[in-house]
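Asker: If you read the protein sequences in the order shown, they are chains A and B. Under our numbering, the letters of the first sequence match residues 1 to 246, in that order. Under our numbering, the letters of the second sequence match residues 1 to 444, in that order.
Calculated from the structure, these hints are not laboratory results. Backbone N, C-alpha and C fix where the C-beta goes; we use that ideal spot for every residue, glycine too. Heads up, some of the hints might be wrong.
Partner residues are not named here, just some residues of chain B that face chain A (Cβ under 8 Å, in silico) [what the hints assert, rightly or not]:
#1 9
#2 12
#3 14
#4 33
#5 36
#6 39
#7 72
#8 95
#9 240
#10 279
#11 280
So the derived label-pair ranges between C-beta atoms look like this [to be verified]:
#12 B:149 / A:80: 41 to 51 Å
#13 A:229 / B:10: 20 to 30 Å
#14 A:129 / B:33: 54 to 64 Å
#15 B:155 / A:37: 13 to 23 Å
#16 A:129 / B:185: 53 to 63 Å
#17 A:242 / B:10: 27 to 37 Å
#18 B:33 / A:65: 19 to 29 Å
#19 B:423 / A:64: 33 to 43 Å
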Amino acid sequence: MSATYLIVGGSSGLGRALAERFAAGGYALVLVSSDARDTEALAADLRLRHRVEVAAVACDLARREVDLGAIDRALDKLPPLEGVMMPAGANRDDDRPGAPVEQFEALLAANFYAPCRVVDHYLERLRARPNALIAGFGSIAAVRGRTRNAAYSAAKRALASYFESVRHALRGTSVHVQFFVLGYLDTNLAFAQDTKLPRASPVKCAEHVFRRRHADAGVTYYPHYWRPVCAVLRLLPWFVFRKLSF
Amino acid sequence: MTASGVVLRQSRFLTFDGAVSVVTAHQRPDRFRQLEADLGEAKRIARGAGLSYAAASFGEDVVVQEMTAFDRLLAFDGQKRTLRVEAGATLERILQWALPRKLRLAAVPGYPRITIGGCIAADVHGKNPARDGTFCDAVEALRLFHPSRGYVEVTRENHPDAFDATCGGFGLTGVIVDATLKLVPAPAPNVRTVAREVDSFEGAARALEQAAGADFAYSWHDGTARGAAFGRGLVFTGAWTEEPIAQRHSGYEAMSASSRAAWPLGLWIDATARSANAFYRRRVLRHPSRVQSAFDADFPFARQTLYHRLYGRRGLAELQLLVPHEALGAFLAEVAAIVGRLGPPLVMLSLKRFSGRMRALSLSGDGMLVAMDLARGDATTRFAEAIDDLAVRTRAQPNVSKDSRLPAPVAARTLPHYTSFREGLARVDPLRLYQSELSRRLDL
């Protein structure tokens, strides 16, 4: 396959599953995570098992200013960029209103600034491709503001809005902009949580993304049953919502 | 998540035999930073697929570090035929990569989901260990993580004590992060297995001796036979072949300790075992020679889960002992006497010639492996105690990874490297951070 996909947050969880699926599909990859040891190990594995070109880049996304030079250099050695996927994200148990400003900034950077910055940086490259993909990943946690995950949810809701803007801006082009609103996945983010609904497999989610990579799908909920659940949550009047604990 | 960023939950762990169950803290690191996260002075132990019959990968108030995300293939050296893999990689993952390249592992234990870390920790064996040795013979190097030392590359040459204590050391020296394994050529994609009938253990031992050079060589014996018939069974020998297989299977449903124990009742009673064994014997002898895929020959229980599930929630007991060749006759005669006296619910026995040379807790030396599968219960407990006594008298070594109740005094008197391993652990892990139910039961 003569095309490359960039996966930001590609060392674990959904990012790793996406890397596995797209490598199995024959695509070259650039994997970005904050720890080179994780991405280099995965890159070595994918090269051995799928015989594809994979570059590993270390990049700390928890800062406002993200240096994309190393990613650019890695992409220059690979087939043309066809897709950018950003399953990267960060959350904390103590993410509540009133948290220290550094913590707030780091959560916003990892969940909003960095994905937006990456999208902006690679827009022109992707426009040149006949069938390109920009995929962002949100969370059902962002459907309503809660005490927990305050900055995380705000960042994800902002990201959803930004992706809608990008999709609008790219209408009529060959770039498909997709935004996946994720329910509970069986990754370390949900590992210690007492989730009310079952956790979906990140491998199945990656398969879903792969199959729809050329579709003009807009916003997709995964698993799908979260769409009506979120719709109901949005409609709940405040006097009911404030009593909920989830 | 704790203050130090460690993601923990409470999980219930169960041994494959269904005998030991513990609820304790569970970590599932999927990045190096999580593996290195500060657990303070908490006791911890690495866990692979969790398929051990003994509680080697969990214990009360022990943080279980599940290594299944560390399952990547890292590097292959075609000239040396070495593959570096992370400890959570399964046999299936490695063989799926290696077999198309006409390579394999010399010693492959009987279930595809077993991890490389588990294979090293228990120093497992394959279908002809007398010829192929044990799994750790193929280990060229290990990378161990211990909070007090960080990552250390361990080989036979640079850290012989740590290497010896880790190969067959049940994870008590630290976390095995990755290993460099020597692969061997895979002569052909399939295996022709030939079964022949034997009427005694002596006949089986002779047939296995004659098949010393075979690719696969082991026996099966009807555990329900009594008197002169005790020992009747089948000897299987196998050889790699290019012949095509008659029937190609697709996938299989992975079995775990909890799925094995899903049925509330155990159905292996004397009548069912007698009937099933007779049926099995007749079925094998109807087609004594058959060609199987390498997968089916290596992993006979991957697609045949009924045998283990029939033991139900109460579980099974597998006693596996390495018996010196010179003591084999007396050992088996005494087993027959004990079976006659105590009447345990013995389902099947198996013999396999063995040669091992590791120096930790795993089987070491030459002899015949004698395995006995029983339904768990009071009679089985009394039988196991009698076998403990017999092992001490005949210098037979119990397989620690198969026996979830083996008491420390028996281990101390039967395992040739028990004392030196125990002393070595005090040097390798002075704080004894790495512990499990197994290590505590064996007084390590």
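Asker: Holds or violated: is there a CB of chain A closer than 8 Å to the CB of residue 33 of chain B?
Answerer: Hint on residue 33 of chain B: holds, closest Cβ of chain A at ~6 Å, below 8 Å.
Asker: Does residue 39 of chain B pass the interface hint, meaning its C-beta sits closer than 8 Å to a C-beta of chain A?
Answerer: 14 Å, violated
Asker: Close enough to count: is the Cβ of residue 72 of chain B nearer than 8 Å to one in chain A?
Answerer: 4 Å, holds
Asker: With 41 to 51 Å as the target window, see if residue 149 of chain B and residue 80 of chain A comply at their CB atoms.
Answerer: 46 Å, holds
Asker: Would the stated hint for residue 9 of chain B survive a check requiring a Cβ distance to chain A of less than 8 Å?
Answerer: 4 Å, holds
Asker: With a cut-off of 8 Å, does the beta carbon of residue 240 of chain B approach a beta carbon of chain A closely enough for the hint to hold?
Answerer: Hint on residue 240 of chain B: violated, closest Cβ of chain A at ~24 Å, above 8 Å.
Asker: Hint residue 14 of chain B vs chain A: min CB-CB distance below 8 Å?
Answerer: Interface hint status for residue 14 of chain B: violated (19 Å vs cutoff 8 Å).
Asker: Mind checking the CB of residue 12 of chain B against every CB in chain A and telling me if the closest is under 8 Å?
Answerer: Check failed: Cβ of residue 12 of chain B comes no nearer than 15 Å to chain A, outside 8 Å.
Asker: Go ahead and decide if the range 19 to 29 Å is satisfied by the Cβ distance of residue 33 of chain B to residue 65 of chain A.
Answerer: 22 Å, holds
Asker: Just to be careful: measuring from the Cβ of residue 279 of chain B to every Cβ in chain A, is the smallest value less than 8 Å?
Answerer: At 38 Å from the nearest chain A Cβ, residue 279 of chain B fails the 8 Å test, so the hint is violated.
Asker: Would you say the C-beta atoms of residue 423 of chain B and residue 64 of chain A sit inside 33 to 43 Å of each other?
Answerer: Given about 55 Å between the Cβ atoms, the range is violated.
Asker: Is 53 to 63 Å right for how far apart the beta carbons of residue 129 of chain A and residue 185 of chain B are?
Answerer: The hinted range 53 to 63 Å is violated for residue 129 of chain A and residue 185 of chain B, with Cβ atoms some 44 Å apart.
The earlier numbered hints that this structure contradicts are 2, 3, 5, 6, 8, 9, 10, 11, 14, 16, 19.
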